[in-house]
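Line by line, the protein sequences give chains A and B. In case it helps, the working numbering puts the first sequence at residues 1 to 253. In case it helps, the working numbering puts the second sequence at residues 254 to 550.
Calculated from the structure, these hints are not laboratory results. Bear in mind the structure is a predicted one, so any value in this text is a computation, not a measurement. The reader is advised that the hints may include incorrect statements.
[Stated by the list, open to error] Here are a few chain A residues that face chain B, going by a calculated C-beta distance under 8 Å: (1) Gln85; (2) Glu88; (3) Leu89; (4) Arg164; (5) Asn183; (6) Lys187.
Heads up, the beta-carbon is just placed ideally off N, CA and C, and yes, glycines get one too.
Now for the letters of each chain:
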Amino acid sequence: MTQLIVSGVTLTFGGLHALSNVNITIEPGLITSIIGPNGAGKTSLLNCVSGFYHPTKGEIKYGDRRLTHASPHQVSSIGIARAFQNLELFRGLSVLDNLLLARHQKLRYNILQAIIYFGKASRVEAENRAYVEKVIDFMELELYRKKTVGNLSYGIQKRVEVARALTLAPKLLLLDEPMAGMNIEEKEDIVRFILDLKKEWDITIVLVEHDLGVVMDISDQVYVLDFGEVIGSGKPKEIASNPEVIKAYIGEE
Amino acid sequence: MSYFFQLVVSGIVVGSIYALSALGFVLIYKSSRVLNIAHGQIIAVGAFITYALTVWANIPIFISLVFSMGITFFLAMSVERVFLRRLIGEPIISVIMVTIGLMSILDGLVYLTPFGSENFSFPEFLPTTPIGFGGVSISWTQMVGVIITIIMIAAFSWFFKKSTVGISMRAVSDDQLASMSIGISVPKVFGLAWAMAGLSAAAAGSIIGNITGLNFETLHAFGIVVFPVVILGGLDSILGAVVAGIIMGLIQQFASGYLDGNWGLNGTGGVAPYIILLVILLFKPHGLFGIHEIERV
Numbered sequence: 001m002t003q004l005i006v007s008g009v010t011l012t013f014g015g016l017h018a019l020s021n022v023n024i025t026i027e028p029g030l031i032t033s034i035i036g037p038n039g040a041g042k043t044s045l046l047n048c049v050s051g052f053y054h055p056t057k058g059e060i061k062y063g064d065r066r067l068t069h070a071s072p073h074q075v076s077s078i079g080i081a082r083a084f085q086n087l088e089l090f091r092g093l094s095v096l097d098n099l100l101l102a103r104h105q106k107l108r109y110n111i112l113q114a115i116i117y118f119g120k121a122s123r124v125e126a127e128n129r130a131y132v133e134k135v136i137d138f139m140e141l142e143l144y145r146k147k148t149v150g151n152l153s154y155g156i157q158k159r160v161e162v163a164r165a166l167t168l169a170p171k172l173l174l175l176d177e178p179m180a181g182m183n184i185e186e187k188e189d190i191v192r193f194i195l196d197l198k199k200e201w202d203i204t205i206v207l208v209e210h211d212l213g214v215v216m217d218i219s220d221q222v223y224v225l226d227f228g229e230v231i232g233s234g235k236p237k238e239i240a241s242n243p244e245v246i247k248a249y250i251g252e253e
Numbered sequence: 254m255s256y257f258f259q260l261v262v263s264g265i266v267v268g269s270i271y272a273l274s275a276l277g278f279v280l281i282y283k284s285s286r287v288l289n290i291a292h293g294q295i296i297a298v299g300a301f302i303t304y305a306l307t308v309w310a311n312i313p314i315f316i317s318l319v320f321s322m323g324i325t326f327f328l329a330m331s332v333e334r335v336f337l338r339r340l341i342g343e344p345i346i347s348v349i350m351v352t353i354g355l356m357s358i359l360d361g362l363v364y365l366t367p368f369g370s371e372n373f374s375f376p377e378f379l380p381t382t383p384i385g386f387g388g389v390s391i392s393w394t395q396m397v398g399v400i401i402t403i404i405m406i407a408a409f410s411w412f413f414k415k416s417t418v419g420i421s422m423r424a425v426s427d428d429q430l431a432s433m434s435i436g437i438s439v440p441k442v443f444g445l446a447w448a449m450a451g452l453s454a455a456a457a458g459s460i461i462g463n464i465t466g467l468n469f470e471t472l473h474a475f476g477i478v479v480f481p482v483v484i485l486g487g488l489d490s491i492l493g494a495v496v497a498g499i500i501m502g503l504i505q506q507f508a509s510g511y512l513d514g515n516w517g518l519n520g521t522g523g524v525a526p527y528i529i530l531l532v533i534l535l536f537k538p539h540g541l542f543g544i545h546e547i548e549r550v
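In isolation and in its complexed conformation, chain A is listed as follows (with noise of 0.2 Å):
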């Protein structure tokens, strides 16, 4: 199992200091949360590991790999899959095809195996349609494998989101506020997707959510960001009685 260090990373937008000397480290195997005010720097991070912005400072390591210079489609070659804040799927594909286009991307044969269409070609179809049904089965998309995404509603959409970024395979999973706008029913649906992958599917989890209540059942370890630093870190207890913590979140009398 790897571990994801990333460590002194700071990233600057002109005068702006998004995140400064972020030490973060990401153990195998836990579900690892990352809370803090908006504005925080919690996106940044997420989309520094995926390759989406590269660190002005510091360094962000995989196992032996080097990602600070990633390109986002390294980065989920090796492992590392994404479900955005904001919806990001192909709304004019079904469910299906949404999943399917991903996995494609990871298992392929080439067009002359595609006419031919034995061998190679059937037995990676076969495996990737495998594969996508059984995450379709895990996030309970069954019903709605063929609607079109965009006419889905909010919740199922976001669903879609973290299957899409499973069908990836992937060892490590970016969850960018996957229960933002959702019910009680469907965050608890959620939070039990979550513990599954973990138990079941042997996925690291890094978990960026609003909501505390969630983020204290459930998190092995907690990093809180305010203004772009880490400034606490540790279990969901030590975090609930950390004053600096309680100062970011409650304010000072």
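Chain A is fixed; fit chain B onto it per the hints.
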């Protein structure tokens, strides 16, 4: 009545070539939101390469066509790599200025060759007697041109509907962030879009050259008519480019067939596309098939 059908036939011939020319333009716009002002120049260059290979190097015309498509494929891909790759994320006006510059450079280079000043015509390799049925006639060159165009358009549609690369290209035009996150290399897709555009431009140019003769100004003009065609079809719709190309061809032929010579009018075929362009921009600015973008402020 046979006059009408004759106009329909020649309208479809011209229109299908417009469609093929517009295809490349739409491809680039659809994937990378770049308006390639130099598309007409790429069409001309493709035609000249085919001619040079056929006549000067004595290669059979169909083989030279394939070679020419291959050369423009790599040419357009390197143009994207060298000039446009570093402009990803820059304001649209800078990108347009670069393609205008590209147009001037290609113009200048063409004027250095004999193609800039002289007219050439492809050697006849098909029977010269036109095919006639019921008072309507079509030349062999036109017939073969239309057939090649139809095959190319069919191949492109298959490519976008069925192949993984084609679907990745559609994915990129739909949502770049999502595409990157599932492992599609977006710059590679941009390069490929340019390459395919170059390839289709060479095919279009060579067909035009065979039908009308090689004249830089004519090929130029073809590149400019692409604008009304894509505006009519909707800038980001491939189906739109095909339908609009044929509509534009028909309009042109009807205009010059029925209006020219009456009421002292002349050369209406050349003006008609631009009148249509203005009307569309007034009443349906996103075209027949384009996506109507709503911006909320």
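Hint check:
Checking Gln85(A) against chain B: minimum C-beta separation of about 11 Å lies over 8 Å; hint violated. For Glu88(A), the suggested interface contact is upheld, since its CB lies about 4 Å from the closest CB of chain B, less than 8 Å. The beta carbon of Leu89(A) comes within 6 Å of a beta carbon in chain B, closer than 8 Å, and the hint placing it at the interface holds. Contact between Arg164(A) and chain B, as hinted, is supported at the beta carbon level, the nearest pair being about 7 Å apart and thus within 8 Å.
A least Cβ separation of about 25 Å between Asn183(A) and chain B goes past the 8 Å threshold, and the interface hint is therefore violated. The beta carbon of Lys187(A) comes no nearer than 23 Å to any beta carbon in chain B, farther than 8 Å, and the hint placing it at the interface is violated.
In the structure shown, a violation is registered for the earlier hints numbered 1, 5, 6, in ascending order.
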